[in-house]
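Required output: the full structure, derived from the provided sequences and hints.
Letter by letter, the sequence shown follows residues -16 to 265 of this note's numbering.
No lab work stands behind these hints: they were computed from the structure.
Every residue, glycine too, gets a C-beta built ideally from N, C-alpha and C.
Please note that the accuracy of each hint is not assured.
[To be verified] Taking CB as the label site, the calculated pair distances span:
id	residue 1	residue 2	range
1	T195	P34	29 to 35 Å
2	I137	S202	46 to 52 Å
3	V151	A100	39 to 45 Å
4	S96	A238	34 to 40 Å
5	R3	E102	44 to 50 Å
6	Q25	L262	36 to 42 Å
7	R212	M(-16)	46 to 52 Å
8	E141	S64	16 to 22 Å
9	L262	L101	20 to 26 Å
10	T89	R116	28 to 34 Å
11	S202	A133	31 to 37 Å
12	R116	A11	26 to 32 Å
13	P7	V151	55 to 61 Å
[Stated by the list, open to error] Calculated pairs, DSSO-like style, for lysine-lysine (alpha carbon to alpha carbon, straight line, at most 27 Å):
id	residue 1	residue 2
14	K261	K(-7)
15	K83	K263
16	K83	K(-7)
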Amino acid sequence: MRRVGLLFKKHDPRVPEIVRETVPWLRAQGAEVLVDEDLARQLPGSSTACPPEDLAARAEAVAVFGGDGTLLYAARLVAGSTTPILGINLGSLGFLTEVKLEDTRTALEALLSGRYALEERMLLDVDVLRGDRPVDRFRALNDVVINKGALARIIEMEVTVDGQLVAVFRADGLILSTPTGSTAYSLSAGGPVLHPTLEAFIITPICPHTLTNRPVVVSERSRIAVTLRHGSDVMLTVDGQVGIRLEPSDRLMLARSGAAIRLVQPAGNRFFKVLREKLKWG
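Here it is in structure tokens:
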């Protein structure tokens, strides 16, 4: 592997030093380094300018320095390609960015030499319909969230799976999560932890009015439909980064995406080890 793209968390004060240490080292290993235009201007002759949206086509791998939010952004850029992502943690929790900053060089050495495993993560596609007219489409690695605004009242949502009614939820919102996203917002709302290689989705109500409402796990082959029956000032957000305002009677159609992403798994990193460390399970 000889062409590596680098993405960094915006406005992190550690980034300049990381760049000064990492880019020359990668060049010394014979790698071409792709960075955005701003960084390339600061590193004349030592890196190649590449718009982030072109990384999937031009890089053989992308190393992401940041938290899970930065990696979710990178996932949108490379989804559907075979370009793998290596996550290096500059955040606080970091379920997706597993590599510690002090282990950066070891992880990059393994990446360049091919000594790593790849873990494929499924994605969730959501189509927004207004009447019978499609108005938008999104793709999620973590989750799709229906949520009310600060002053909005309770939301009423009809949920069906493969045409069968699950429930009419009256709640503050609803989370539709992938296994990767099971350790994100869904977990905070009482959802289960799923192993990231499982093929399933989680439907998790947020603060439901009916106390017996509980998260439901469904097959990855399921077709999920959510109809907004009542509610104002309602937002759909995808991976906490992009979204759209919903209107009464809008319908969401959700299904497994035909695309996926591939995460680099450094040697020795295992899911349950990450759970123990991040959730302080002991």
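Do the hints match the structure? See the list:
1. T195 - P34: 29 to 35 Å: violated, 50 Å
2. I137 - S202: 46 to 52 Å: The hint (46 to 52 Å, Cβ to Cβ) is violated, given that I137 and S202 are roughly 29 Å apart.
3. V151 - A100: 39 to 45 Å: holds, 43 Å
4. S96 - A238: 34 to 40 Å: With a Cβ separation near 38 Å, S96 and A238 satisfy 34 to 40 Å, so the hint holds.
5. R3 - E102: 44 to 50 Å: violated, 31 Å
6. Q25 - L262: 36 to 42 Å: holds, 38 Å
7. R212 - M(-16): 46 to 52 Å: Holds, at about 51 Å.
8. E141 - S64: 16 to 22 Å: Taking Cβ atoms as reference, E141 and S64 lie about 36 Å apart, which means the hint is violated.
9. L262 - L101: 20 to 26 Å: About 25 Å separates the Cβ atoms of L262 and L101, which means 20 to 26 Å holds.
10. T89 - R116: 28 to 34 Å: About 52 Å separates the Cβ atoms of T89 and R116, which means 28 to 34 Å is violated.
11. S202 - A133: 31 to 37 Å: holds, 35 Å
12. R116 - A11: 26 to 32 Å: violated, 55 Å
13. P7 - V151: 55 to 61 Å: Roughly 59 Å apart at Cβ, these two residues keep to the hinted range, so it holds.
14. K261 - K(-7): holds, 23 Å
15. K83 - K263: holds, 17 Å
16. K83 - K(-7): Holds: K83 and K(-7) sit about 18 Å apart, inside 27 Å.
The structure is inconsistent with the numbered hints 1, 2, 5, 8, 10, 12, although it conforms to all the rest.
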